[in-house]
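With the sequences and hints as input, model every part of the structure.
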Amino acid sequence: MSGIWVLAEHADGELARVSFELLGEAVRLSRKLDTSVAALVLADGGESLTEALARHGADTVYLIEDPRLRHYDPDIAVASIARLCRLRDPVLVMFAATSTGSDLAVRLAVSEDWPLVPCCVNFLVRDGELELVRSFAQRGVHGVFTGSRPGPTLSTIMPDTIGVERPDPARRATVERFAAAVPERSAIDVCGFIAGDPRTLELSEAEIVVAAGRGIGARDNIRLVQEFADAIGASIACTRPVVDLGWLPRSRQVGQTGTSVKPRLYVACGISGATQHTVGMRDAGTIVAINSDRGAPIFGIADLGIVGDVTRILPALTKRCRIPWNE
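Residues 74 to 400, numbered by our numbering, are exactly what the sequence shown covers, in order.
What follows is a set of in silico ranges between Cβ atoms, one per label pair, in the way DEER data are often shown:
(1) Val217 - Arg296: 43 to 51 Å
(2) Arg159 - Asp107: 21 to 29 Å
(3) His215 - Ser184: 25 to 33 Å
(4) Thr247 - Asp107: 13 to 21 Å
(5) Val194 - Asp85: 23 to 31 Å
(6) Gly216 - Val183: 16 to 24 Å
(7) Ser365 - His215: 34 to 42 Å
Note that these hints are calculated values from the structure, not bench results.
Note that beta-carbon positions come from the ideal geometry of N, C-alpha and C, so glycine has one too.
So this is what it looks like as structure tokens:
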């Protein structure tokens, strides 16, 4: 076995934060299993990414380069990773539970008949054996799984679950380059990438969410929430009372009877913080609350609280977010 691998996700020459999260967990596990850590990079030229991966724990960076990997191509990605896994035999390959990571992990598991444990929340080492933990029934039940050999165990981990360890600027990694494995026949022709529109994106997939509560005062003030969401590239959401009042459709509801979300940023506008709502958003990476009631329960889970009239604060934030910060 040649260690624990992490698929490094990136876009526009920048590594995704979750890649560093997974590397930190891989380093922790590697110490218990007495093995190494490697980062997998699939790109059309990924040399610029290797230094940051080394600083965050990668001992080796496997760089699979091909012009056709400028955008995610599942057929090439599966074939390339499968070939490399058969060559080096890792014990565990970790993917982010993003649209790309989840899709790739499932395709690998099916095509290679390798075990997959999705949405892991913890990893344990017991008697030298790796155990993967995932939750069920809204985190009320936890299951413990062990992978079968031969072949690596595959896992996906939700972003913002682990946290990023402090990088070590002195660390260096060995870089090994491999040509991509291109299947003779492919059912998919990747022509480009079209970013999702935050206005129509499924809430569960949104990285930034701006949510409206009854505290915004009136239907017309939804416009203020939408304008702020547009300014920061966010998807708009709401509480159940807002849906009941007919201000937004039920598809935008977050909470116990709506959608559970886990974005990098959640801005709660005029939301008091009732349990029925917070159960659906309390695991967001950063929570910002705007409310005129300084005693509102939402401030108890917020990372940043702004006490004031949301109808005055939102236009000011929107205006500032539209101005380049270097002006």
